[in-house]
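Asker: Mind docking chains B, C and D on chain A? Use the hints.
Protein chains: 4
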Amino acid sequence: MHSMPSVSIVGAAGYTGQETLDRVLAHPQLELVAVGSSSLAGRPATALDPRLNRNGTSQVPVFVANDAALAAGADVTFLCLSHEEAAALEPPAEGVVVDLSGAHRLHDPSQYERWYGFTHPRPGDLAQWVYGLPELVEGTGRLIANPGCYATATLLALAPLKGAIEPGSVVVDAKSGMTGAGRTLKPSTHAGFVLENVSPYKVGEHQHVPEIAQLLGFPVSFTPHLLPVRRGLIATCNVRSTGPDLRALLERAYAASEVVTVLPEGVAPELSRVQHTDTAEIGVFTDRFTDRTIVICAEDNLGKGAAGQAIQNVNRAFGFGDTTGLRLPGVLV
Amino acid sequence: MHSMPSVSIVGAAGYTGQETLDRVLAHPQLELVAVGSSSLAGRPATALDPRLNRNGTSQVPVFVANDAALAAGADVTFLCLSHEEAAALEPPAEGVVVDLSGAHRLHDPSQYERWYGFTHPRPGDLAQWVYGLPELVEGTGRLIANPGCYATATLLALAPLKGAIEPGSVVVDAKSGMTGAGRTLKPSTHAGFVLENVSPYKVGEHQHVPEIAQLLGFPVSFTPHLLPVRRGLIATCNVRSTGPDLRALLERAYAASEVVTVLPEGVAPELSRVQHTDTAEIGVFTDRFTDRTIVICAEDNLGKGAAGQAIQNVNRAFGFGDTTGLRLPGVLV
Amino acid sequence: MHSMPSVSIVGAAGYTGQETLDRVLAHPQLELVAVGSSSLAGRPATALDPRLNRNGTSQVPVFVANDAALAAGADVTFLCLSHEEAAALEPPAEGVVVDLSGAHRLHDPSQYERWYGFTHPRPGDLAQWVYGLPELVEGTGRLIANPGCYATATLLALAPLKGAIEPGSVVVDAKSGMTGAGRTLKPSTHAGFVLENVSPYKVGEHQHVPEIAQLLGFPVSFTPHLLPVRRGLIATCNVRSTGPDLRALLERAYAASEVVTVLPEGVAPELSRVQHTDTAEIGVFTDRFTDRTIVICAEDNLGKGAAGQAIQNVNRAFGFGDTTGLRLPGVLV
Amino acid sequence: MHSMPSVSIVGAAGYTGQETLDRVLAHPQLELVAVGSSSLAGRPATALDPRLNRNGTSQVPVFVANDAALAAGADVTFLCLSHEEAAALEPPAEGVVVDLSGAHRLHDPSQYERWYGFTHPRPGDLAQWVYGLPELVEGTGRLIANPGCYATATLLALAPLKGAIEPGSVVVDAKSGMTGAGRTLKPSTHAGFVLENVSPYKVGEHQHVPEIAQLLGFPVSFTPHLLPVRRGLIATCNVRSTGPDLRALLERAYAASEVVTVLPEGVAPELSRVQHTDTAEIGVFTDRFTDRTIVICAEDNLGKGAAGQAIQNVNRAFGFGDTTGLRLPGVLV
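Chains as they are written, first to last, in this note's numbering: chain A, 1 to 333; chain B, 1 to 333; chain C, 1 to 333; chain D, 1 to 333.
It is worth saying that the hints were derived from the structure and are not from the lab.
Here the structure is a predicted model, which is why all the values come from computation and not from measurement.
Among these hints, one or two may not hold up.
Here are the computed distance ranges between Cβ atoms for each label pair [stated by the list, open to error]:
(1) B:322 <-> A:255: 35 to 43 Å
(2) A:119 <-> B:114: 52 to 60 Å
(3) C:31 <-> A:44: 39 to 47 Å
(4) C:26 <-> A:138: 27 to 35 Å
(5) A:113 <-> D:123: 50 to 58 Å
(6) A:201 <-> B:38: 37 to 45 Å
(7) A:44 <-> C:187: 44 to 52 Å
Mimicking DMTMM-like on lysine to aspartate or glutamate, the simulated pairs with C-alpha atoms at most 25 Å apart in a straight line are [claimed, not checked]:
(8) C:186 <-> D:291
(9) C:162 <-> D:291
(10) D:202 <-> C:125
(11) A:202 <-> B:291
(12) B:162 <-> A:166
(13) D:186 <-> C:291
(14) D:202 <-> C:251
(15) B:162 <-> A:291
(16) D:162 <-> D:84
(17) B:162 <-> B:125
(18) B:202 <-> A:251
(19) C:162 <-> D:245
(20) A:186 <-> D:84
(21) B:202 <-> A:291
(22) A:202 <-> B:251
(23) C:202 <-> D:265
(24) B:202 <-> A:94
(25) B:186 <-> A:265
(26) C:202 <-> D:84
(27) B:186 <-> B:265
(28) A:202 <-> B:166
(29) D:186 <-> A:84
Quick reminder that beta carbons are idealized off the backbone N, C-alpha and C, glycines included.
Bound-form chain A, shown alone (with noise of 0.2 Å):
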């Protein structure tokens, strides 16, 4: 009998990392070989997190350096990393590597000199990843580039309705918790400043956007805002229809889905359906006052929007079930 396949995460420190540590810990087909981390390489797993040592878990390496994470010939690497850190790399030769970060989700090199403020150093490879959206691209590869949590929520309440909709009238505004801002310590990150407040930002010039396009084919306008929540996101999505049921089209295409649900008419999404879980819901209403549909998804930022989807991905690529080691039934309250 086969062994499972080993794995190996690159930046396991940051938010993404810890939650794919998390949920590769838990996942009954996969087995962790190495942790990286630039800056815990050397120190135990728990320095991390004091429950790592628990329930027998004691098979969890220390840390290594990310550079002996990414040689460690596994069969899966998860690349955890900024997106300026993660365009440098040269993948593994062999084995499944998930790219959380942005560094590989754009076909067009130039785009990453606008959007994300740097030369892409290795624009020739940019061809060979698969844009790894489960649910709305078909097929897998090698190297798959995990979508970024504003594009998953945005992309599964439109893509669906491409060319059932006016592509000028999609106004996209999404709110995202905190961990979405990443572990970086930054004047807009302090408790200080994201207490009480709401905080719009890279209004209208959001890097998630050019990938959006990439799937639907135009570009959407798109307002992100920062909650004062630690988990969840939610986007709210409105648009004009072409004619087109737009309701009908999205039921159709999650009915066989287990992560992504329609909810029944009426219903908005909640967060706190979808945080903590690897699934997204949405919520489909129609303007009284206008001729306009409001789509709205709400997710995990670190569960479908991240760690979640990049599991998801790496089940498809080994055939095993869709939501193998995936958190779907959530928590209630």
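Answerer: Frame of chain A; chains B, C and D shown alone:
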């Protein structure tokens, strides 16, 4: 020498009533003579707030029944009641009356049935009320309908752009602190539901849209959300210009205002700068991906969105300085 | 082969009921047969949570009346009712019954009158109930009184120190997330009151003190506060040792536990490591200014503080593994 | 006629500096002449807050270097620096100096090494500074050490009880809003850590204990926690009386105060009543289970706990009314 105008507050124990009371007590040219409350009638003002006996404010009367407050013969009567209660009232025959509910904001009585859920009991009165949004509506009157919190922020952002934007392009995504939902106990205001959440509600069917449309000349697509913050409101308005420079129009509109500020390019409104004040801030952003403009207005839902504006309306009615007794300097952090 | 024990939940629509339901559905050795609710009787389970129709959980029955759930003849009945409702019930004659309310925790009926505000209607029954705090109470029984959330955290911190601390020195200052206050609508659970606040309540007179005293042998001074967080509870216990090394006593007490962890020196408990789990964490600190020791215990008020412990009690009653179906690994951020 | 005293603020860009600036601008008897900041020197005041150009406050100077602010020859100099920076300064030779840091609060220089982590560079100066807690310390001086936020709340609760409580019985459990942690970026002030959390820190070893002990005559066991709120601080003090009626002692101590209020029996302090004010509230509770008394004091950590008290100290030094320019009425919701 004249004595100061006397003030009565009807429904002083709700959020808007209490904030109005607080401002009246601090106003240098108004004198409180009656505070009414259905729930606190007969009890001392300290039953509402133990601070009301501080600093020699022993002149604060005990709560009376709302009927008695209404009949107090005050020079100014503030109505801080539910929409339906205020609509049913025979307003005092003399003196300035400011209604903080929605009961007298709309000229067309049929709108009440559709959006407020009740048949207006005194439809013939509606024409006598002036919509009191000082920055946008010239003139005043004896009967003043104080605008809604969402309507104020949306209209401050959009009314100066009337004629310069495509009506069908306008999408407003608004987020309010929980005090905007009133003090009534509802499952949706329970803290266990609100914390770590953001709730879209009345999507495409909020009752503030008709008063926005009444002033703007056309309806807008409007999606309100409740935030896990106590106070503060932000309206993110997404529009397409028909040609004019929208920032210039807004800067011109508020150049002389001490209440509304248009922020410099690149600066986004912050709740922290408007909370606990009677001011509003507007940020203007050009979308880099589409031909749209995003105009964001922030205010305190209980300040400029309610009690502060009510005081401003009284100042105008009596010819006081526009900002007398208002909270302008704000809190810096 | 035996079938799995059947489960009925009485009062499944409150916080503790819903969390118990969620855990029963995920438990590999329990089978749900009835869910009762006074407010949702006759409606499908999706009325409580739209996710309950997901993933083939079509076996979830519609809500029945609480009486019917009580009479379902299940092998396990969870009572998730108010204290007074649970006290008045004739418990099922057979099967394991776990009462998550406080109705059967105290042996002395007179305490109910004093601290719970009602005369216990079935005082003679009290002796039959076992206080189910698995780490501290040996043995089990058919009728299990599930401990209070505050009592659990306080007793986990203090019970192993019994005899090693001065009774008169003990001061407990506890802080709970808002779900600890239940789903009932009260002014003190309105989000406008809770946000940007922390509320001491029932100061020196909380009803959990008697069950703490019952196990500990002496009462403690106890001040609870409600926090502006959804879930999680922390009990900061300040004691004076009579000599023994208190950290050593706690480490010994929980050395074998998979549920309770004593953190390394210098590490404080974090809500984020226990939220959404059924675990608890304890930190021990030496006061540098006085001769006191501070023992801090964190748990999820709905996990180890309620539904998680209820499941743990059922596991013990049926001889399942102590942590079967519990949420142990937790969420890392 | 005299001109008003001139004011310089050194370190005006931090939380305490900004709050002090805000109060000075609104103070009817103080005139700002210089604002210093190491990070903003040379930039206009609007770089700190766009509102500072509003309402004819064009007299607000641009930021200067802290050295220049220190040398401005102002009648009042506020030092809003880190402990170590303030300790190293040669204070201005003339004029009133109010140090909002901890650098001059302790008489015994050796305490700085132990609790502040640095050797005091000017130990001989310490005797010249007066501890400025107006309600508790008589007399004033030219050099004023403004008390710490935790120390203020704790001392307001306990100092009037000195001699009436058992020193060894005193346990203080304090909770502060995040602005109390300062504007410096640290992992523990990252919003992803703070939200849905409450963090005990410096347990039994906080640097405010020595200044509490200095005034009280004995140390207390002190456990601070950071709350997920922006501002506001509550100190829950648990004591055993040696006999006297503790409530009576407190009521007598603050009978004449316009700043500190002892609440009626049964009423607990609320952050909402002290936030954004320079006041404090005290609640007194008898423990029903033990022979202890709980005294709870609430204040705004940036108001009475910092900038408000600094202004109060200046008022005393110049013989202005005690509450001139203070924020007393507060916000009602």
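Asker: Hints first: check each against the structure and report whether it holds.
Answerer: Here is how each hint holds up against the structure:
{"no.": "1", "hint": "B:322 <-> A:255: 35 to 43 Å", "verdict": "58 Å, violated"}
{"no.": "2", "hint": "A:119 <-> B:114: 52 to 60 Å", "verdict": "56 Å, holds"}
{"no.": "3", "hint": "C:31 <-> A:44: 39 to 47 Å", "verdict": "41 Å, holds"}
{"no.": "4", "hint": "C:26 <-> A:138: 27 to 35 Å", "verdict": "32 Å, holds"}
{"no.": "5", "hint": "A:113 <-> D:123: 50 to 58 Å", "verdict": "57 Å, holds"}
{"no.": "6", "hint": "A:201 <-> B:38: 37 to 45 Å", "verdict": "44 Å, holds"}
{"no.": "7", "hint": "A:44 <-> C:187: 44 to 52 Å", "verdict": "48 Å, holds"}
{"no.": "8", "hint": "C:186 <-> D:291", "verdict": "31 Å, violated"}
{"no.": "9", "hint": "C:162 <-> D:291", "verdict": "20 Å, holds"}
{"no.": "10", "hint": "D:202 <-> C:125", "verdict": "47 Å, violated"}
{"no.": "11", "hint": "A:202 <-> B:291", "verdict": "16 Å, holds"}
{"no.": "12", "hint": "B:162 <-> A:166", "verdict": "23 Å, holds"}
{"no.": "13", "hint": "D:186 <-> C:291", "verdict": "31 Å, violated"}
{"no.": "14", "hint": "D:202 <-> C:251", "verdict": "22 Å, holds"}
{"no.": "15", "hint": "B:162 <-> A:291", "verdict": "20 Å, holds"}
{"no.": "16", "hint": "D:162 <-> D:84", "verdict": "31 Å, violated"}
{"no.": "17", "hint": "B:162 <-> B:125", "verdict": "28 Å, violated"}
{"no.": "18", "hint": "B:202 <-> A:251", "verdict": "22 Å, holds"}
{"no.": "19", "hint": "C:162 <-> D:245", "verdict": "32 Å, violated"}
{"no.": "20", "hint": "A:186 <-> D:84", "verdict": "23 Å, holds"}
{"no.": "21", "hint": "B:202 <-> A:291", "verdict": "16 Å, holds"}
{"no.": "22", "hint": "A:202 <-> B:251", "verdict": "22 Å, holds"}
{"no.": "23", "hint": "C:202 <-> D:265", "verdict": "13 Å, holds"}
{"no.": "24", "hint": "B:202 <-> A:94", "verdict": "52 Å, violated"}
{"no.": "25", "hint": "B:186 <-> A:265", "verdict": "21 Å, holds"}
{"no.": "26", "hint": "C:202 <-> D:84", "verdict": "42 Å, violated"}
{"no.": "27", "hint": "B:186 <-> B:265", "verdict": "40 Å, violated"}
{"no.": "28", "hint": "A:202 <-> B:166", "verdict": "24 Å, holds"}
{"no.": "29", "hint": "D:186 <-> A:84", "verdict": "23 Å, holds"}
Comparing the model with each earlier hint shows violations of hints 1, 8, 10, 13, 16, 17, 19, 24, 26, 27; every other hint is respected.
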